[in-house]
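Asker: Got chain A; can you put chain B on it based on the hints?
Heads up: the protein sequence lines correspond to chains A and B, in order. Heads up: the first sequence begins at 1 in this note's numbering, then just goes up one per residue. Heads up: the second sequence begins at 1001 in this note's numbering, then just goes up one per residue.
It should be emphasised that the hints constitute simulated quantities derived from the structure, not laboratory data. Hints are not guaranteed to be accurate.
Derived, one-sided and incomplete: chain A residues facing chain B with beta-carbon distance under 7 Å [said to hold, decoys possible]:
| no. | residue |
| --- | --- |
| 1 | S7 |
| 2 | P8 |
| 3 | F12 |
| 4 | P39 |
| 5 | L43 |
| 6 | L90 |
| 7 | G98 |
| 8 | T100 |
| 9 | A101 |
| 10 | G106 |
Anything over 12 Å on all C-beta distances counts as not near chain B; from chain A, calculated [claimed, not checked]:
| no. | residue |
| --- | --- |
| 11 | R13 |
| 12 | K14 |
| 13 | V52 |
| 14 | N53 |
| 15 | K70 |
| 16 | A81 |
| 17 | K83 |
| 18 | V111 |
Where a beta carbon is used, it is the ideal one built from N, C-alpha and C, also for glycine.
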Amino acid sequence: DGGITQSPKYLFRKEGQNVTLSCEQNLNHDAMYWYRQDPGQGLRLIYYSQIVNDFQKGDIAEGYSVSREKKESFPLTVTSAQKNPTAFYLCASSINFGTTAFFGQGTRLTVV
Amino acid sequence: GQQLNQSPQSMFIQEGEDVSMNCTSSSIFNTWLWYKQDPGEGPVLLIALYKAGELTSNGRLTAQFGITRKDSFLNISASIPSDVGIYFCAGPLSAGSQGNLIFGKGTKLSVKP
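So that you can see chain A by itself, here it is in the shape it has in the complex:
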């Protein structure tokens, strides 16, 4: 079945460690996005990629990094520089940049 897969569903890390969240899509979408969601908040854009080998910072990119070496994959690394990394992370993709986005199931990251 086509879709967007995020893994793992839950992730625990010690403070000071980098951690990478996986996002894979088999929808043949050009654009991919990473959002962060905090309790009671809307979605805030971290990074986005319009096409393979390209990515741009979103509204809250500090402390995060991404790569887009393959069309179907857009991993997000939460670095030790991110001061408040505990959150729910959502990956999305769309056929073209800015068009209707479809979301993965999310990864809940807890840093202790």
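Answerer: The following block gives chain B in isolation, referenced to the frame of chain A:
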């Protein structure tokens, strides 16, 4: 930056009642999207609107693209317990470098069984 204002922020309703929520912006949108998010899950697209004045239904859900292109409405008829969740509106800003989707903060719906 640009914002989408959703109201109400939260609502409790009796099962079987109809629900209305809306989303407004100071900017013009060419597309309005409505998503629903269940606890601990990713948002799921409910309805997409592409034309001013458009009225689109998906089962018990009906959404409208406002004539001014600055607002949209979502109605749920005869609510049931599984309607519980957070409803988000979203839209891409005008074409070009501002093509990111932006999201409202959501309307949290709770149903009394």
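Asker: Each of the hints needs a verdict: does it hold here or not?
Answerer: Taking the hints in turn, this is what the structure says about them:
1. S7: This interface hint is violated because 13 Å lies over the 7 Å limit.
2. P8: With Cβ-Cβ at 13 Å, over 7 Å, it is violated.
3. F12: 16 Å, violated
4. P39: Since the shortest Cβ distance to chain B is 11 Å, the answer is violated.
5. L43: Nearest chain B Cβ about 4 Å off; hint holds.
6. L90: The hint holds - L90(A) has a Cβ within 7 Å of chain B, the shortest such distance being about 5 Å.
7. G98: 3 Å, holds
8. T100: 5 Å, holds
9. A101: 6 Å, holds
10. G106: Result: holds, 5 Å to nearest chain B Cβ.
11. R13: The assertion about R13(A) holds, with a minimum of 19 Å to chain B.
12. K14: Non-interface label stands for K14(A): nearest chain B Cβ at 23 Å, farther than 12 Å.
13. V52: 17 Å, holds
14. N53: Per Cβ check, N53(A) is outside 12 Å of chain B; nearest 18 Å; holds.
15. K70: Non-interface label on K70(A) holds, nearest chain B Cβ at 21 Å vs cutoff 12 Å.
16. A81: 23 Å, holds
17. K83: Per Cβ check, K83(A) is outside 12 Å of chain B; nearest 21 Å; holds.
18. V111: Nearest chain B Cβ is 18 Å from V111(A), so the label holds.
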